[in-house]
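A.B. asks: Protein chains in written order, with my numbering: chain E, 171 to 543; chain R, 18 to 580.
In short, the hints are calculated from the structure, not lab data. Honestly, I wouldn't trust all of these hints.
Unchecked claim - Derived DEER-like restraints, expressed as beta-carbon distance ranges:
id	chain 1	residue 1	chain 2	residue 2	range
1	E	Val506	R	Glu504	54 to 62 Å
2	E	Asp317	R	Arg431	48 to 56 Å
3	R	Lys527	E	Gly335	24 to 32 Å
4	R	His494	E	Glu293	52 to 60 Å
5	E	Tyr277	R	Glu393	28 to 36 Å
6	E	Asn218	R	Glu504	31 to 39 Å
7	R	Glu546	E	Gly509	56 to 64 Å
8	R	Gln426	E	Leu478	47 to 55 Å
9	E	Asp317	R	Lys511	29 to 37 Å
10	E	Asp317	R	Glu528	38 to 46 Å
Claimed, not checked - List of simulated lysine to aspartate or glutamate pairs, EDC-like, C-alpha gap at most 20 Å:
id	chain 1	residue 1	chain 2	residue 2
11	R	Lys511	E	Glu280
12	R	Lys533	E	Glu204
13	E	Lys203	R	Glu502
14	R	Lys529	E	Glu204
15	E	Lys206	R	Glu537
16	E	Lys247	R	Glu502
17	E	Lys206	R	Asp510
18	R	Lys538	E	Glu280
For each residue, glycine too, the CB sits at the ideal point set by N, CA and C.
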Amino acid sequence: MSKRPEKTRAPEKVMVDAETLKKIGQGIVQQIKEGKVPSVSIPSRTSNNLVYDPSNQYYVIGNQKISRSAGNIRHIKLLAQFLKVAWFCKDLVKEGNKHVTKRELYYISESWGEAFKFDEQPECDNVVEDIEAVIGRPREDFNIIPDNRGSIYGDITIKYRSPSGKFNTINCLDTPDGQSIGPRICEGEIQKVSADKVIAIETGGMYNRLMEEEAHKKFNAILVHTAGQAPRSTRRLIKRISEENNIPVYIFCDSDPFGLHIAMVIIAGSAKSAHVNHKLATPKAQWLGTTATDITKYKLRSDKLRPLDFKRLEELKKDPRYKDDARMQKELQTWVKLGKKAEQQALLRYGFRFVVDEYLPDKLKELKAPGFR
Amino acid sequence: MAKLVAPAKAKTADDLALEQREISVAEFFEKNRHLLGFDNPAKALLTVTKEAVDNSLDACEEARILPEIKVKIKDKGNDRFEVEIEDNGPGIIKTQIANIFGSLLYGSKFHKLRQSRGQQGIGISASVLYAQLTTGKPAVILSKAKEDGPTYETHLMIDVAKNRPEIVKQEETEKGLSHTGIRIMLDIEGKYVQRYHSVDEYLRQTAISNPYAHVTYYPPIGEKVEYKRKVNELPKLPTEIKPHPQGIELGILKRMLKVTESRKLSGFLQNSFSKIGSTAAEEICRLSSLDPARDPKTIERDEADKLVSAMGKVKLMRPPTDCLSPLGEALMEKSLQQEVKCEFVTSITREPSVYRGQPFQVEAAMAYGGELKKAEGEEQQPVEIMRFANRVPLLYQFSDCATTKAISQIQWRRYGLDQPGSSGVPKGPALIFIHMCSTWVPFTSESKEAIASYQEIIKEIKLAVQECARKMVTHIHKGQRAKRETERLRVFDKYFPLVISSAKDLAESKEKLDFKEMMEKVVNKQLVEMAEETKELDEEVKKAGKKRDRKKEEFDVEETGED
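The following block holds chain R by itself, in its conformation from the complex (with noise of 0.2 Å):
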């Protein structure tokens, strides 16, 4: 006879309670890896390794060391990769390790506001997350903390359910590294291409935003590949700034009033924010209905909203700028000049702007010409576009990314390139490189791919690009003047004898004339129209790219509508 079963009883709130868990946020991510770019296999040795060399890059510069980076990927087979990174930064102290390569989220940077490449702090230990999932491996690290101190072996795992780091095994190791850094080894599951979405790509373009690093690369087919250093110098550290109050969120500004040190309002908001000076906080508080005496750890949620709501109705100065550090035309030049072999490149670093109370600074370079140039016949390919973000390379979301959408809406015909249907990107032999800078730059999505479509962003790229783009053109007409006027003095040499020679049979004449003095002449006054004709150009074309925006002292309020 067949065992009755009780039927299902309907499950109260509290039978629910029961089975509800805190999830923990590594949890999330676990089942969610597509937010952080491990989609597929091939993308995730990608970001593996970026998010490696992307630390190494900012530890570096963070200690002022011009970066030395070793990247090694071997194909174990069976989709099984290692990655090994090594640096040559200040290294991390035994006691930290765990927590930064093992606890997601955890990190130095998410409180405070400076350009950096690994804005979010989740990135590394995700990496060792993904490593553990695949291939079951932990993560070893190798860290030399001190230039004549111990090299500490840490091999390393993430306790999922309590996203906390878990050390399977750590100790001082006699093959130890030569210098102060970090090495850290990962087994996952990957998949080498060679394409555009590669790590290949990757490398080869962060060497090209990064000319102060040399690395060197041993991929998982191939040769050894080097890039070497192409400047001396650091660029400038970019200092910390406070947020400024036209940014803020509601749930940042809650957590700011709790562990403020300050003990009245006005203090805590010109303490805690940037530009916000006493007459400004004054009137903070009076547009919040809100005592300035009082202690900031009392404001209740809806009066942090009203604050919140003052804040961005106050007419307050822009943000500082000086947190940004960006290429500079000189060293974007010298590296596009190094890396493609071109005729002519040019850049523009703009003027630092501002977005939903971020400073962001953009700056492009475009090359022409050169073995950019297809041979005859050969169709013209679009222009290749290298984005970077905080001197990071961007590989994926092409068209998503605010980049792409500025250039799109440039009308390049005007430039000399081709633009079929006007819009969309353009087909040349020229290459454009846009970077842009941020205390914290808008991404799309948590796999930091494409740059979200602010309006101010958008206009600043288009700007930057705007610019490099006259300044090629400028340089296609000289090319195009120059052989026009090469044309031209041609067709006199040829024609002046003939004229002679012509006039004399008529004449029947055998007379021995000498033309040559006049001859030059002639060709000196054509010079001399060719080059002014050139000059009123270069005139007309200056005057079209006089429309600079001025730099307001004035912070203006806008709203940032999305694109």
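Same shape as in the complex, but just chain E (with noise of 0.2 Å):
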């Protein structure tokens, strides 16, 4: 077992203070005192807004605005129902223990009055997005979570609340099948790891295999199972383990440019949550496998490419993310050229410990791993 790394940053606050949400409410009422027709202005998310930031690795969102003003006939619902969710969500994180899901506090609206009740859910997720991309913060940090998918095993303990309000330690190698991650794991305090590396794993084979080989003492890794994409509070835990340890990230996906987009929005974030990618991203997260040179290279039984997999090989050829980076851009041009894929499970052909006695420490030698340099 290598050193244990120092760490370099204080665990950040990562629920969102109620006053960040208190100043978007007084600017309106200074606004109104000062005889001006109120307004918000709210970073565009449109497409023609994102930008990829070539120094942190990730898109953003440009410096366009769009503003919401209560003198625009179709602006002032908007801005209205913006208020009333920003609210709610101050009272939420001033509770600190009540998180609702994005479709809760679409039921939720109704019980406002008619007025600003929303018709359908996407208006509602609008809104709470508008509101991240106000304060920067994804949404996760003021209360409004996703389900929980994705588990976290190793030797990480985590200070968290409980939904009962009561400051509870756990150590994730005292779960029995890994640790969900949901919200309260997710804005819990690291106190302590000891591992020098993470290992995402995409599918929930591969991750209960590693964990019964135990891949986590022999590599000193803390294991995450993303569960297909990373969903965002996976994602943020990830970062916030890695920069808050200053330790690296290796993603392990199925052979496929699907199981690479896994890895890629783990590490560049996704257009989507481009307002909140500097919160969600980890930039120095690196792809592990299993690429296209396994399949031959493991004699990996695999499936015909169909046409859609050629067509996202052709855009993830043009995407600014992996221009320059001649690994990736090998790896692309040998699955087009082998127009084969395959799951990371078919390692499993050289029985149970393969993966873990030869397969890992080959890759994350060649990625000059800790440990393995």
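Once you've looked at the hints, go ahead and assemble the two chains, each given alone in its own frame, into the complex.
C.D. replies: Here it is, written out as structure tokens:
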């Protein structure tokens, strides 16, 4: 086991301060006092305002803003709803220990009266995203949460506040099947990490395999199950663990364009969350595999690539995030040439231990991971 | 033993000649009632009423008397009806009564060209004939021609073979009329219906197109109906004009040549026709290779033929149009509004035009909404179309009429009415009123039921109706816009205070904020914006309607292809 790395920064206060939200309301009040028709300025999330930030290596939103004014008949209802949701969230964070899903919020809005209630969920989601964009924080930070998905296993101690309000700590090694990543874990205080890397795994089968083969011990790693495309809270947690403790992240998925995309979203964020990628993306994370070359190298059982896959490969080749990455370009080309894809669990043809004994060590060495340099 | 019968001999032309005799006009029509509108008993009742009322209105207008017309129809049972029509016109002098009521094709109007209701002069006599044929009874006519003079009662039949009236009785009567005028009573076979093709409907529409008339109607069933006078002025009296050369028919020209007083051909041309000056007369003579100094009475048939074609070729001024007397926009709108409780009415009287040498003028009016609107969920009905020719309602042959054809060709969706298949009569809460007046309205048949489909006429009708439709759709849009505007302003009223209260809650502020003034400013700004939008929309609609035809000085000779 390698030396425990030093903490590079204090755990940040994850939850949004109620003051941040209050300020929005105060801005409106001030405008009225000054005799100005009140409005809020919201960063635009349309595709023509999406910019790839090469220094940070993720998508961010540009400088375009849209203004929602009480003087505009098309905006006034949205503005009222925006302020109402923000007020609701302010109370949520003040309370601290209550979280709502987007869906719940949509139903809750009915209790606000006919004027405020949302006709459809997407309308409500948009208002939540507006708030995210205005304060620059993901909604998980102001207690609007996705469904639990994703799981974490390893020697990491997190202090959290239980639903009853009591503070507890948990070491994720003590969980039977990994610790489910929900709002309380996601915003919990990371007290102790003994690992020197994080390995994020796409499939439940492989996650379980690595747990049972004690990969966390062998590689001194924290194992995270993304369960397909990593949900935001999982990405948030990966980022926090990685950056607070200055440890690298390796992403292990199926050998196909969509597995690659899972890795890319963890690394560089999504276009959809561009306004909060700075809180969700882990630019230093690396894609470990399963690569296209692995298919031939390990003679993995494979399937033909479909037209959709080819289309995706073409798109990825042009993506600014991959343009300058030689390894990535090579792998993309190999997929096209092979015309094949494979699952990570195909590696099991070589037995239970193969991934832990041979495959991962080879890969980690290739990527110069700590402990394998 | 059977008697031997000589075999039928083949007839010679002489034998046949013995059997032939002249069929009088009266006899012809006796055998062809449908040509005059007596096809069936229900129609007959309508026709009889119509002819008499039309004549009364014509007479009153000519004498410049505001018409008072009484119509009484009594059901005598056994399909017999007694029809009585009385007017306050100038009456008819004793010696003329028989001729006017008892001989077909006799009348003052045949050689004159002027807009009038009974343009062929057959009408009332045919009714007398019809009465005689169906009940054997004579027509009874009371007439008073002088205010303080006697009333003559005439019992009249028609000698069918000789086409001559037959006076059964004519004497001064004690039970006279209280004013000048005519009362005619006819005993006929008929049938009373209350549907669309009925006397009731005819009188209703007549009241609409003649709002200066007071019509009292005593129907066979039900209470008396009174159509009160809506205006106290008679329309301008149409002047008489001479025929225009470009519509002339050979037969009429020949007759004119025979009766003219002019001694020279060129003089005849200039005096008997409108709009022929000396230059034009010379040109016509030149084109037909005839000496302008010729005596008109010596012109042969084929020479007359050449004259007709020459007249068709020469460039001439349009016929005069002051012979027409349209209703006018104010009158149409007032009349419609009183008859139909609608929310909007508009009208247009177009400039006169010409078809085949005959001046004509189209006017249209449209009523929208109000009681025309159906309740929610009820199916939209086809738009009611009221057709009039020289102020007489046309109730039959709807689909053959030029009016209907013109309306069916318009793209009604553009004007806010439903029109499945983009052709045909539109559906919706509207009513279209069309009036064509002319010195000679072309009908599709003798029964004067539908206007013939000349291109020029259809074009004029379309343009008139489109003009009204444009105004109507602007009105509809205004209504929709007004609704939208109220909605918009309501949104502000509703949400402005909510924005403020949510902001205060969010800010956890209990400050009292006075935003009333700001709200007013915002609402006013909205009103200004909406007014500007409205202005822009109106401009667009106006531009679309600016394609008016210009009045041409020169008379364009156009082919009058039938539709």
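A.B. asks: Out of the numbered hints, which ones does the structure contradict?
C.D. replies: 4, 13 and 18
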